[in-house]
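Protein chains: 2
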Amino acid sequence: MNDKLAIDTLRFLAADMVQAANSGHPGMPMGAAPMAWTLWSRHLKHDPSDPTWTDRDRFILSAGHGSALLYGLLHIFDYGLPESELRSFRQLGSRTPGHPEFGHTVGVESTTGPLGQGLAMAVGFALAERMQNAQHPDIVNHHTYVIAGDGCLMEGVSHEAASLAGHLGLGRLIVLWDDNSITIDGGTDRSTSDDQLARFAAYGWHTEGVIDGMDVDAIDQAIARAKDDPRPSFLAVRTVIGRGAPGIEGTAKAHGSPLGDEVLAETKRLEGWEHGAFVVPDEVQDDCAALAKAGAEAHAAWQERFDAYEAAHPDAAAQFVRTEARILPDGFAEALDAVAGDAPRATRVSSQACLKALHPLMPELVGGSADLAGSTGTPMGGELVTRDNYAGSEIAFGIREFGMAAALNGMVLHGGFRPFGSTFLVFADYLRPALRLSALMKVPAIYVLTHDSIAVGEDGPTHEPVEHIESLRLIPGLQVLRPYDDADTARAWRLALERTDGPTALVLTRQNLPQLDAAAFASDDAVVEIVATGSEVSTALGAAEILRGEGTPTRVVPVLDRRDYAPSADVKTVSVEAGSTSGWHGTVDLAIGIDHFGDSGKGDEVMAHHGFTPEKVAARIRELLA
Amino acid sequence: MNDKLAIDTLRFLAADMVQAANSGHPGMPMGAAPMAWTLWSRHLKHDPSDPTWTDRDRFILSAGHGSALLYGLLHIFDYGLPESELRSFRQLGSRTPGHPEFGHTVGVESTTGPLGQGLAMAVGFALAERMQNAQHPDIVNHHTYVIAGDGCLMEGVSHEAASLAGHLGLGRLIVLWDDNSITIDGGTDRSTSDDQLARFAAYGWHTEGVIDGMDVDAIDQAIARAKDDPRPSFLAVRTVIGRGAPGIEGTAKAHGSPLGDEVLAETKRLEGWEHGAFVVPDEVQDDCAALAKAGAEAHAAWQERFDAYEAAHPDAAAQFVRTEARILPDGFAEALDAVAGDAPRATRVSSQACLKALHPLMPELVGGSADLAGSTGTPMGGELVTRDNYAGSEIAFGIREFGMAAALNGMVLHGGFRPFGSTFLVFADYLRPALRLSALMKVPAIYVLTHDSIAVGEDGPTHEPVEHIESLRLIPGLQVLRPYDDADTARAWRLALERTDGPTALVLTRQNLPQLDAAAFASDDAVVEIVATGSEVSTALGAAEILRGEGTPTRVVPVLDRRDYAPSADVKTVSVEAGSTSGWHGTVDLAIGIDHFGDSGKGDEVMAHHGFTPEKVAARIRELLA
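So the protein sequences, as listed, match chains A and B.
Heads up, the final residue of the first sequence is numbered 626 in the working numbering, and it's a clean run with no missing numbers.
Heads up, the final residue of the second sequence is numbered 626 in the working numbering, and it's a clean run with no missing numbers.
If you are wondering where the hints come from, they were derived from the structure by calculation, not from laboratory data.
Relax, there's no trap hidden among the hints.
Copies of the same chain are indistinguishable here, so a pair counts whether it falls within one copy or spans any two.
Below 30 Å or equal to it, Euclidean Cα-Cα: the simulated DSSO-like pairs (lysine-lysine) are:
# : residue 1 : residue 2
1 : LYS442    : LYS602
2 : LYS602    : LYS253
3 : LYS227    : LYS293
4 : LYS227    : LYS4
Extracted from the complex, chain A is given alone in its bound form (with noise of 0.2 Å):
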């Protein structure tokens, strides 16, 4: 292997890339291509003429910002993304966009750029690693690795991610730090003094540092050691952003900018680079493909250890199958209608009754709550998931619901699980960021959002969500579901199972609410239409008791998806939903909800303080009637 030249190739590539683009990040790459070169040709367990290989080893570019290293290595190792993509990077419908996104381009793991994300999804990844091994031992054994910046350190979910993988000891999770004391706007000095090889044994961590990042063979044998420490790796890799660039490199500028053509150009001559842009040397191409044929053949082995499971054991083999499929289990939707009692009581009480029910026939539902399980209605009944005990399915993600949600998004993109999280509505504002990459990567990641509205009560308004559900519903390809009772928490279990390509948040009462009967919503000539969500849907039956007895016809649609209301013509049309009323404005003639903050007081007293009774809604249709 020529690790120089293969090295210069993956920077000059990148430093073209951007050069082409006119627009990028040549910094990390220039800097931390020795280190991806040591990973991926000495330790990644991958087969590029199979990139779904679903036992191959995880490279999450938790540096998002350094996308060209890493369309860099996808060319390099013949992933199917030609020179031509590299030419049209950060070019409208290019497979080469600013940051990696998955789904978008062969090979790339994970959507990164976010700062934190990828090290924190990252996470998930190497969780459901160890998870899925626990259910078949012989055919999933891999690691995940990661190139992570100062960024991402800096950022608090950081925290949260290293510090439930230092908990649960995910040992096959080895995070390189690029650490080149550099950030977009300086020196790192400017804003952090953390010791994080201290930070990070803190949490559990096998740490070694500081590694020369120019140095091929001790990168090599720090990556060797850290895969042999049963705890999760972190290696401080010291390098020079920019490393070459005459008067750019080590500083800030190297950051998010090209080099310009003449300082390029200058690189190149100094390096002793004799190739023009976007060539990759034959000796590199050579390397690669015998790498890559290496990949192939550990793929082969692997494929006949699976073949002598499935003959072994076979129903193992067809379960690992269907969830790596993501295909529901026969009496899935049995299970689910079985659900529905008589009794009044919270969805999120309706919602923990169908984890239940469906936790013996799915072993891929997993998951659990940052810290609210008894409260967000979470516990299936199964064992907790421990650094000693994979075969769990509960997942106590501690009080970190943004580290919860990207370790969610790590699982789904990891494969052999639907995974849930749960934490109360007003905080999904801490995870928010998370939420947005499960609908931007089109995972079907399951949030379970409870105490959904200032019915919340005596917590008061920090804890009473009111502009939550409407702010869920902005976020694109999100599917907000809010039931009313048991049947309709099932139906909204079942949507957010049978979804795959996208993300559903399962919006839910901390109170109890009535089982209805579907048929009392209809209404013979009705001349006026209250659409309503979740706990007000029962309200709005009583209002419309009330009306009806008054003589006016009034039929009441529930719907558990915004989305799937159409008004009646004729009539008019009234939404009630306990937040904010934007979002139904030019849909109905009134939307009674509520657009301001909340009260501590017992949840009954705050709703009808704020109006969320059958006789006020009442009074409120009599007035618009008028």
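Add chain B to chain A, keeping to what the hints say.
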């Protein structure tokens, strides 16, 4: 001082409150009362007769669910919170809501409950104290104390906040960790293995532990050592949640449920408590009165120093008074008026011009960016705030959006500053929980959010806000302003700074915009009205010119704040905004926007691809009219 009696008073007041409400969190107060009492009786500098004394120490209960402890303190120290309010704990209309609310209860320094944010706000308090001290050394000199729980430390924002505090050497920040090993779902060993002392040491903090949470003298001495140490201090105080309650203490059951009448009675009996519910023994009343008197004397001594300062340095003292009162300086409006120029520029650049114009006039105007200062245009020409120079005006918050926003809240709450923080609009998601608290607390923090649409271009969908403008508008009480040129940006800054009762988000472009002539907006006999914000105002004007050229009189209405828009009657109305259309429906006949994720490509090409050109807007309007 009868420490034990006072501590038991606080413990049982809290338990009585929770019992009366039949709702709340007795465990934290019962375990943490000794440290709270030690702090308030032996260290806290405060004057209950004047809770607004500017040089008081600040006490932040980051574990806000322990509100009953804080209310107990405010009650026994006579902050005007009578027994009747304790008896109406968590009831609608009381001064004792479920979580402490700033502005609602005298003596509550900040709203807490969303975990981690109290600690993160405290960093802002402590930073503001040092910065104000640098301006007025003789009259600002106090500490910021925090009681934080396990949840606060698990949240990611604790990393951002602690790292920033360590970097800035905020030695007057002292955090007491209520280390009770219990979270809502059970033992902390379910979800964390962090060595918190090692972690905080890695941030450059002074740490001490484990301190016996029952040992008043040990706590006292640890606080004294913390005050002597130049670093921020983290003290691990080992407590027992729900201490003393038989069968409940030390378990998660003590966290969030009333003890029950029987257990409470038994707890009091075991403790030898002979008083009725809500009783403050005379001896405790006397002790607190003596402490309050000492506080009033300290305040009087400070007032003498201030009077001397005023006599010696009348201008500096006047500035102190002016900035404390958030009164804008003379020449403020004129300075902003002078910003407008003729050349096209991005509103982020216009914003920087505003900041530079205001900087010489406003020593209270301080702020910076989450490592995007150059991109978002926050440098004003002042010095960087460092541990060696708190007299600066520019704050390098680091890649810590959430920590930044929480620090802004703390700085505003502390007083003396009008702080701003900036990042890309898409990363407003990262700081949203703190922005919600800004709005809930009605504090005038200013958020500078740039790169405000898909026009960001090459960085692609991870960096392109779509739903964000609308999602900000949903937060009750947040002023969202999106200016279209220099003069409009100056207007926006004026509105942001004139506002003293709530936060403002300035939503600014990456790309250049023309300077517009307001005369071009109007049209006689308009049949169409295009309402637009920010960068789409010029697009709308271009569309209007096309339509006018075709004989369709078209008016353009730019709005800084959408709430100001009132559609005209008798014309067709169209909105153009490069973001979610959701909030425009019901207001206009046609809402032109983007309700899906963007793409990586040249900014103008991405905008054109999604319909944001004068020609494409004109075409949509032509269709509407047809």
